Amino acid sequence: MDTITTRRKRLRRLTAVAGGAAIALAAAPLPLAAAADGDLLRSGGYELVLNSGATGQPVVVRDATTQAAVLAESLPLQLIIKSGTNPVDVSGRYTTVGLQGDELVGTGDVRTPGGSVFRFRDSYRVAQGGGFSASRTVTVVTASAADQGFNSRFTIGAANPRPLQDYQFLAPGVWYDRNRNVPAGALASNLNDNFLYFREMRMPLPFVMMHDPGSGLDVSLAHQNPRAASPVDEGSAAWLVNSGITYAALGAQRVPATKLAIVYPGMEGEKNYVNRGAAWVRRSNPVTAGYTQNYEFRIRTGRTADFAAAARDAWRYHWNMQNPQITKVPVEQIYRSSMDVLASYTSTWGGAPGLPFSVNLPQGTVKEVSYQMGFVGQQIPAAYLMLRDGYLNTRPDNVTKGRQILDFWANNSSAASGLPRTWYDVNPPGWRSFYPTYLRIATDGMEGMLKASRLMRDRGTSVPAWENYARRFGDWLVTHQNPDGSYYRSYNLAGTAPDNQAKYNTHNAVPFLMELAAYTGDTRYRAAALRAGEFAWQNVHLPSAYVGGTPDNNNVTDKEAPSLALRAFLSLYDHTRDARWLQAAQRAGDFAETWAYAWNYPVASSRAAYAKYGVRGQSLIATGHPAMDTWHSASLYDFYRLYRATNDPHYLQYARLLANEAKLTTQYPGNSLGYARDGLLEEAIGLSDLRYGGVSLWLPWNSVAHAEPLALLKDTYGNMDIDALSASPSRAEHSGADWQNHPQQTR
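Going by mature numbering (1 follows the signal peptide of the UniProt record, and there is no 0), the letters in the sequence shown line up with residues -26 to -1, 1 to 721, in that order.
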């Protein structure tokens, strides 16, 4: 149980014994064990100790049982001063420490070289759910003209720190482990930088966690109750000073030792996403007498077995701390609007049926026409959904549109080798010769073709051309599997050689192969899927290396890689009931979660969707840039199934976020956003600088990502509404594996 205790300082006895001893202690700080002499709070198995004066460590977190210090900070009162164009660091210690009710309060003044005086008051308390919360006020007591702006900072690190590269980090959407698979220029891409700070809006939850793989010790530092806002142009590279800037930066630093940091207001560097030609983009509050900063941060300490456990534990803790809002949306209307908009844009261009590649927003006019079978084009999955919708809801036009698109791909896409060509241009007509076949795009499309084949066979009217098309790809996968069970990221158009030899996408082939084996009875496909699964277990699951999910980004850490790994490992679990595949699915899901925003902040936007909803429902796309989208809506079915398989209520919470929040920026009846048609939403945007910047386009994947998991929920459980299902989960899953009647979704 969390308790609050106090111990009066024996330092008074030390001072009384000999002034020389006190001087020596001031020159050489007390061993950390002496931190037991301070006033303290206890939370769970840890104690927070504060000391004042020139001796001892001002801030220590120690093990409550052994009394061994695990975290320490010698200078808790830190300032970064804007003096002309130069940043000047100034710091200090608490001069008074004491308990005030249930809070442990430390205060102190810091004077700058220019003569300004700042008064700090840090009030620590035991945090609900564990850890320690701190409310900080920093008041300008005396303002000097030499000082134009200021930031305050709090840092904390291990009591016996090691080099930064020895630790593993999580900053959601930004920094995973040691960030080995991020592009040059990405935030935290160079661990030799002295400072790795980033605006909190870059992260789906505003915290950073550091895991020590040697001891298992975890420490996280979060901005509690964030209220990110700014009246200045956050796209400016200039060092701007304004009293209304209220967002923080979080991150880590190497100097003077490895520590986590919160800086208020936020500055971003030594990499930034505002001016990549410079190391820093700085913001400060004004040095004006009487001006006061107010913000809160939280420190949490624990121990876990490995980085994956640390990441899961930290994410869930901060999820609960933030307690994200979820507004219920009418999922049946979302489904209907998504299907209607797909059908409304289906036409024939250049003699071939399909959906346009992109549509202008808000006016809804067609911009570009070319056909990509999966990924962002989603031609085949969209066609399957129209086919299904047409039969299920008596919409014969949708049946016709779906069949025409499916026929086109089945009759024209296969190369002589059996590998599908994935991108078709209509003007002039022909396959895009310079674009390789990505495994991700091919499996997206071919899963849709297999679903359509199953639908028609179940109706008693099999379509041999569709089945043969799927089997040719399955045969190609069997023939071209590497000896270690892997597949390459992409292949040349003929399907005869690799184009990109990275293997992180191997698991993308698993659901298709497993479903093809079940459909045809051919065990070769199952054997290939199991070999691919073993490769993914060793090279993706065990190192938590979720890389290269999106073909339009470099082969980097991104959101779709763990999401697709979740889908693949669930497929393996469905078909084998081997519990280790469920374990792998959980880990993939745990990392996939960390890309979706579970907090919100206001966005200056002429686009109604973001002026109204901010970043609610958005998820970051990849490391290396701050773009976001609603693709995670496509993972709704997977997370709900993960909940059903594990009975872990957190997965249901996350599924509810995907079911509802991820739909808010879609126009549907009752949610008018100024778009020309219901069902439209924006493909990709940037909002993490507190202002709107978007592509002003709809792409077919936007609507497939909404409609497909809803269709799967309906087919599997009889209801699209997971709230209704979880309230009365009377309809069990079909006996055996879900894939028997309802194969896994694609992008």
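Among the hints, a few may not be true.
Computed beta-carbon distance windows for the label pairs [what the hints assert, rightly or not]:
(1) Asp37 with Leu516: 41 to 47 Å
(2) Ala120 with Ala582: 44 to 50 Å
(3) Thr39 with Asn216: 17 to 23 Å
(4) Asn199 with Gly75: 15 to 21 Å
(5) Asn268 with Asp207: 22 to 28 Å
(6) Asp207 with Arg651: 17 to 23 Å
(7) Asn216 with Ser65: 38 to 44 Å
(8) Val229 with Ser702: 55 to 61 Å
(9) Val669 with Asp207: 18 to 24 Å
When the alpha-carbon atoms are kept at most 20 Å apart in a straight line, the in silico EDC-like pairs for lysine to aspartate or glutamate are as follows [as the list claims (entries may be wrong)]:
(10) Lys688 with Asp432
(11) Lys341 with Asp432
(12) Lys688 with Asp399
(13) Lys302 with Asp697
(14) Lys302 with Glu47
(15) Lys341 with Asp314
Rather than coming from a laboratory, the hints here were simulated on the basis of the structure.
These numbers were taken from a predicted model, which means no experiment stands behind them.
Even glycine gets a Cβ: it sits at the ideal position worked out from N, Cα and C.
*If you draw a straight line from the CA of Lys688 to the CA of Asp399, is it 20 Å or shorter?*
Since the Cα atoms of Lys688 and Asp399 sit roughly 35 Å apart, the hinted pair is violated (cutoff 20 Å).
*asked:* Given the hint of 17 to 23 Å, is the C-beta distance from Thr39 to Asn216 inside that range or not?
replied: violated (47 Å)
*Distance restraint evaluation - Val669, Asp207, Cβ atoms, bounds 18 to 24 Å*: Since Val669 and Asp207 have Cβ atoms about 21 Å apart, the given range 18 to 24 Å holds.
*Are Lys688 and Asp432 close enough, with their CA atoms no more than 20 Å apart?*
At roughly 17 Å apart (the allowed maximum being 20 Å), Asp432 and Lys688 satisfy the hint.
_C-beta pair Asp207, Arg651: status relative to the range 17 to 23 Å that was hinted_ = violated (33 Å)
*Falls inside 38 to 44 Å, the C-beta gap from Asn216 to Ser65?*
violated (24 Å)
*Starting from Lys341, check that the Cα of Asp432 is at most 20 Å away, please.*
violated (38 Å)
*Does the hinted range 15 to 21 Å hold for Asn199 and Gly75 at CB?*
Hint holds: Cβ distance 20 Å, inside 15 to 21 Å.
*Pair hint Lys302 and Glu47, alpha-carbon separation not exceeding 20 Å*: Cα-Cα ~44 Å, so violated.
*Check the following: the C-beta atoms of Asp37 and Leu516 are separated by a distance inside 41 to 47 Å.*
violated (30 Å)
*Do Val229 and Ser702 keep their Cβ atoms within the hinted range of 55 to 61 Å?*
holds (57 Å)
*Is the hinted pair Lys341 and Asp314 satisfied, with a Cα-Cα distance of at most 20 Å?*
holds (19 Å)
In the structure shown, a violation is registered for the earlier hints numbered 1, 3, 6, 7, 11, 12 and 14, in ascending order.
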